[in-house]
Amino acid sequence: MTTILFIGAILLLVIFGMLLKVQSMVDVVRGSFSKRAGFSNQVNAVLFLIFLIVGLGLFYWITVDSRQYYLPEAASEHGPKIDNQFWTTMIIITIVFVGTHLLLFTFPYLYQFKESRKATFFPDNHKLEFVWTIIPAIVLTILVLGGFKVWSEVTSPAPANHISFEIVGKQFNWMLRYPGKDGILGKHNFRKIDATNTLGIDFTDKNALDDFMPGEIHIPVGIPVKFNIRSRDVLHSVFAIHFRQKMDAVPGMPTSFWFTPTKTTADMRAETGNPNFTYEIACTEVCGAGHFGMKSKIVVDEPEDYAKWLETQQSFLSQNPDYIKDVPENLRSLAEQQLPKQAATDSATVVKAAASIQ
Amino acid sequence: MATQDVHAATLDHAHAAGHGHDHHDDHDEHHEQSFIRKYVFSEDHKIIAKQFLITGLLWALLGGALSMLFRLQLGFPNMDWTWLKPVLGNWIVDNKLDPNFYLAMVTMHGTIMVFFVLTAGLSGTFSNFLIPLQVGARDMASGFLNMLSYWFFFISSTLMLISLFIETGPASGGWVIYPPLSALPQAMPGSGMGMTLWLTSMAIFIASSLLGSINYISTVINLRTRGMTFTRMPLTIWAFFLTAVIGILSFPVLFSAALLLIFDRSFGTSFYLSEIYINGQPLDNMGGSPILFQHLFWFLGHPEVYIVLLPALGITSEVIATMSRKPIFGYRAMIGSMIVIAFLSFIVWAHHMFVTGMNPFLGTIFMFLTLIIAVPSAVKAFNYITTLWRGNIIFTPAMLFSIGLVSLFISGGLTGIALGNSAIDIQLHDTYFVVAHFHLVMGSASFFGMMAGVYHWFPKMFGRMMNEKLGYIHFWMTFAGVYLVFFPMHYIGISGFPRRYYSFTSYDTFNMYQDLNSFISVAAIITFGSQLIFGFNFFYSIFRGRRATQNPWLSNSLEWTTPINPGHGNWVGAIPNVYRWPYDYSKPGHALDYIPQNVPHWETLESNLDHENDLIAFEREMEAEALADPQSAH
Numbered sequence: 040m041t042t043i044l045f046i047g048a049i050l051l052l053v054i055f056g057m058l059l060k061v062q063s064m065v066d067v068v069r070g071s072f073s074k075r076a077g078f079s080n081q082v083n084a085v086l087f088l089i090f091l092i093v094g095l096g097l098f099y100w101i102t103v104d105s106r107q108y109y110l111p112e113a114a115s116e117h118g119p120k121i122d123n124q125f126w127t128t129m130i131i132i133t134i135v136f137v138g139t140h141l142l143l144f145t146f147p148y149l150y151q152f153k154e155s156r157k158a159t160f161f162p163d164n165h166k167l168e169f170v171w172t173i174i175p176a177i178v179l180t181i182l183v184l185g186g187f188k189v190w191s192e193v194t195s196p197a198p199a200n201h202i203s204f205e206i207v208g209k210q211f212n213w214m215l216r217y218p219g220k221d222g223i224l225g226k227h228n229f230r231k232i233d234a235t236n237t238l239g240i241d242f243t244d245k246n247a248l249d250d251f252m253p254g255e256i257h258i259p260v261g262i263p264v265k266f267n268i269r270s271r272d273v274l275h276s277v278f279a280i281h282f283r284q285k286m287d288a289v290p291g292m293p294t295s296f297w298f299t300p301t302k303t304t305a306d307m308r309a310e311t312g313n314p315n316f317t318y319e320i321a322c323t324e325v326c327g328a329g330h331f332g333m334k335s336k337i338v339v340d341e342p343e344d345y346a347k348w349l350e351t352q353q354s355f356l357s358q359n360p361d362y363i364k365d366v367p368e369n370l371r372s373l374a375e376q377q378l379p380k381q382a383a384t385d386s387a388t389v390v391k392a393a394a395s396i397q
Numbered sequence: 357m358a359t360q361d362v363h364a365a366t367l368d369h370a371h372a373a374g375h376g377h378d379h380h381d382d383h384d385e386h387h388e389q390s391f392i393r394k395y396v397f398s399e400d401h402k403i404i405a406k407q408f409l410i411t412g413l414l415w416a417l418l419g420g421a422l423s424m425l426f427r428l429q430l431g432f433p434n435m436d437w438t439w440l441k442p443v444l445g446n447w448i449v450d451n452k453l454d455p456n457f458y459l460a461m462v463t464m465h466g467t468i469m470v471f472f473v474l475t476a477g478l479s480g481t482f483s484n485f486l487i488p489l490q491v492g493a494r495d496m497a498s499g500f501l502n503m504l505s506y507w508f509f510f511i512s513s514t515l516m517l518i519s520l521f522i523e524t525g526p527a528s529g530g531w532v533i534y535p536p537l538s539a540l541p542q543a544m545p546g547s548g549m550g551m552t553l554w555l556t557s558m559a560i561f562i563a564s565s566l567l568g569s570i571n572y573i574s575t576v577i578n579l580r581t582r583g584m585t586f587t588r589m590p591l592t593i594w595a596f597f598l599t600a601v602i603g604i605l606s607f608p609v610l611f612s613a614a615l616l617l618i619f620d621r622s623f624g625t626s627f628y629l630s631e632i633y634i635n636g637q638p639l640d641n642m643g644g645s646p647i648l649f650q651h652l653f654w655f656l657g658h659p660e661v662y663i664v665l666l667p668a669l670g671i672t673s674e675v676i677a678t679m680s681r682k683p684i685f686g687y688r689a690m691i692g693s694m695i696v697i698a699f700l701s702f703i704v705w706a707h708h709m710f711v712t713g714m715n716p717f718l719g720t721i722f723m724f725l726t727l728i729i730a731v732p733s734a735v736k737a738f739n740y741i742t743t744l745w746r747g748n749i750i751f752t753p754a755m756l757f758s759i760g761l762v763s764l765f766i767s768g769g770l771t772g773i774a775l776g777n778s779a780i781d782i783q784l785h786d787t788y789f790v791v792a793h794f795h796l797v798m799g800s801a802s803f804f805g806m807m808a809g810v811y812h813w814f815p816k817m818f819g820r821m822m823n824e825k826l827g828y829i830h831f832w833m834t835f836a837g838v839y840l841v842f843f844p845m846h847y848i849g850i851s852g853f854p855r856r857y858y859s860f861t862s863y864d865t866f867n868m869y870q871d872l873n874s875f876i877s878v879a880a881i882i883t884f885g886s887q888l889i890f891g892f893n894f895f896y897s898i899f900r901g902r903r904a905t906q907n908p909w910l911s912n913s914l915e916w917t918t919p920i921n922p923g924h925g926n927w928v929g930a931i932p933n934v935y936r937w938p939y940d941y942s943k944p945g946h947a948l949d950y951i952p953q954n955v956p957h958w959e960t961l962e963s964n965l966d967h968e969n970d971l972i973a974f975e976r977e978m979e980a981e982a983l984a985d986p987q988s989a990h
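Protein sequences, first through last, are from chains X and E.
Quick note: the first sequence uses our numbering, first residue 40, plus one each step.
Quick note: the second sequence uses our numbering, first residue 357, plus one each step.
Where hints are given, some of them may not hold.
[Unchecked claim] Straight-line Cα separation of at most 27 Å, DSS-like style, residue types lysine-lysine; simulated pairs:
no., chain 1, residue 1, chain 2, residue 2
1, E, K452, X, K334
2, X, K226, X, K334
3, X, K188, X, K74
4, X, K60, E, K406
5, E, K825, X, K74
6, X, K60, X, K74
Simulated from the structure, these hints should not be mistaken for laboratory data.
Using the sequences and the hints given, assemble the complete structure.
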């Protein structure tokens, strides 16, 4: 089979070659080569015009047709500003794109070779050069200043009233940690990581005792939220698409971003008409085979619903009382408040047992 | 022919004597070089150029084929891959493509295209071929280093090729090989042996590139023929010269980045690694910074874009002027803008890093610098268009590809204005918008420049013409194809689709555009297929093409004053003197629509401008000097 295919391919090539030879001989007989530009030249010139018209048509069509899918609905305070920057830039570059292409593709048609004509000797024009150096410079300056303003705002420190939590990337999922009632995240240490304490929470820090690790992100609408971003193995990147935020997760270097959500999940469901709408986080820094599946959910609640959700969350310690053995003596009583009554006694036994072994 | 042989032999003698050894083989009694010296370990810049070209084209075929595979995955995520099992073997798991191998292909496609095709294949080919021919030199400053440059590239190529076939697969962390992913074999199979080979191959590649660049620069500076001042050099030479300068300054930084990565991988250092817990255990590395790698990488990586693009722009300048039968508009502005681009290319690198955790203030600085670079780029685009204006355009395939390049350069460059704006980049970074942007402005545009160069200088390389009609078909299919492939990607990117994704099915946010992705894949396959037309045309024409005339495009530059098949040493007899710039096309008053650079002004009194008449006395002097100088004759 393969041999037949191979021979077939060779034969095709040979036939193709012969056709080519015949074609070029015909051209020689016709004297095409003695002319500087023949019929093909006109065909190519016209093709540029056709390409221009069809191309602009398709450009228009896909631009209109994809409108439904453009930038996903912005749901943060700064989101519309970024979108505004984007669309302003897009409008300007579309004008330049269409304008330059009108010239670029009509000139070949207008100035195709004619034996009788001589090209215009036009090597220089300082005025023209000056004009098209200055105009882009001015337009770009305006765009940069607009971008600068939004960028400074987005990257400014989070306002004092923000809430924060921690999102940590690993191959291949996002892990979450919220501060408990104290509002402060406890320390962490990558050497303390194990199969359960996946973030390496350091229980020698008293702020860590009430930290909890929920399955999905909940944030309240209208309140600034800061994502404290870490990675525990390779680079990842938190892309909160609808909130117009993105930041790499870097092992050994904590990063962060903040935004103020403006639409709850319910609002978005109503607005998009999609009853299953969910805010999603995607990983945008290649991190290995599972990169494409590194998704997390964000639920934006009304503040009161958020408060309720917070109430229902149980601290890591209360769910994994075994870790009480890592809590130093002086914090032990504080830690035990986290535990349900029964578990507290159990954990005390565990610790005693551990101590007796030592 | 006889004179040529004698000439080549004379040169050979001089050469052998100069180096104090005899490199003639036993069976080389007629002072002709042996096959090996002539075609394999050749020191002739023309042969080396062809070696670079053919190796580059083979790499392009492979790099393109890899993209076909991952386009199949993206376009048809439910496809049954069993039929490819004979080729891909264990990379097909349960009739599906292994996601690790998907990433491996993405990585190798990028590496191959950026470095092996568009750096070595483009710059290596045309800098080697054109610099001596267009500045009027017998060969490169050092033929030996030039030969080494190719063979280092060959070794580097071989290693990279081998890495495709090892069990754990080639490097897979993206062509940017960001650590820690690339540093830790635990993180993905491709970071094992494949990554080691990648780094070794790249280290050798950098050596090859540096050897080439040093040669290009010294040749341009030292070996220009009489009268070939810097402001009379064709824009191709300016482009190659500046490219080489950029390469010399930036490639060593990539080398250091790679070296530190090698240390981290093999010798337990922590340049890029810190606080990592992987595979159930914490690593000992502390205090390193992955961001450091990114700074080092992009300090090469961004100039690399211009290393790839400038030669293409240079080629285009030459072809557009020649085939429009018009001087290039704003010759000095073109040089100036290239110099500005070359300079700025070193201080914009961190626009690749706006959202990596780098200080936002740096982001501001780099946004300003990045958008400045759009100004000289805009000047170039406008100058190309003005060159076409009121020209007398002949559409050779090279000309078509050059006009195509300008179009792609504009389309892709404009979206750079959106991406260079750090505020917008928050949303667009690492989405398909970026993929669309750089494939147009850097990938396709440079590839078009390479094609333009091949079609234009094929007669000089092989003494035969390529078939024009096949060239037209090749161009129109490729041009339409490239737009159909990359233009829709902008829309996919605007919707937020991240790049390097194996599939999008697990997200609700990315549940649309499957039809568009299938369309792109089909368009990509057709575009790739149409490159086979070129492949056929190229190899067929080398052997069976119509014989070329000495100056088939009626061009001004010096390479067309050499014999149809220039021998070793390029010119028979003296190297021509240069009396004018290379763009005296359609000069008013002159009977023909071109005046080659070696035509003195005293022969063109009817078309001289006032200040050119003043040059005549000086030119006479120069000619007398040349005649008296025994060296210039041979």
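Hint check: K60(X) vs K74(X), CA-CA at most 27 Å. Holds or violated? holds, 19 Å
| message | Just to be careful, I want the Cα atoms of K226(X) and K334(X) compared with a cutoff of 27 Å; is the pair within it? | response | holds, 25 Å
Query raised in the report: Quick one, are K452(E) and K334(X) close enough, alpha carbons at most 27 Å?
Result: holds, 21 Å
Restraint status (C-alpha distance of K60(X) to K406(E) at most 27 Å) = holds, 25 Å
| Restraint check for K188(X) with K74(X), where alpha carbons must lie at most 27 Å apart | violated, 60 Å
Check whether the Cα positions of K825(E) and K74(X) lie no farther apart than 27 Å. holds, 15 Å
The structure fails to meet hint 3 from the earlier list, while all remaining hints are met.
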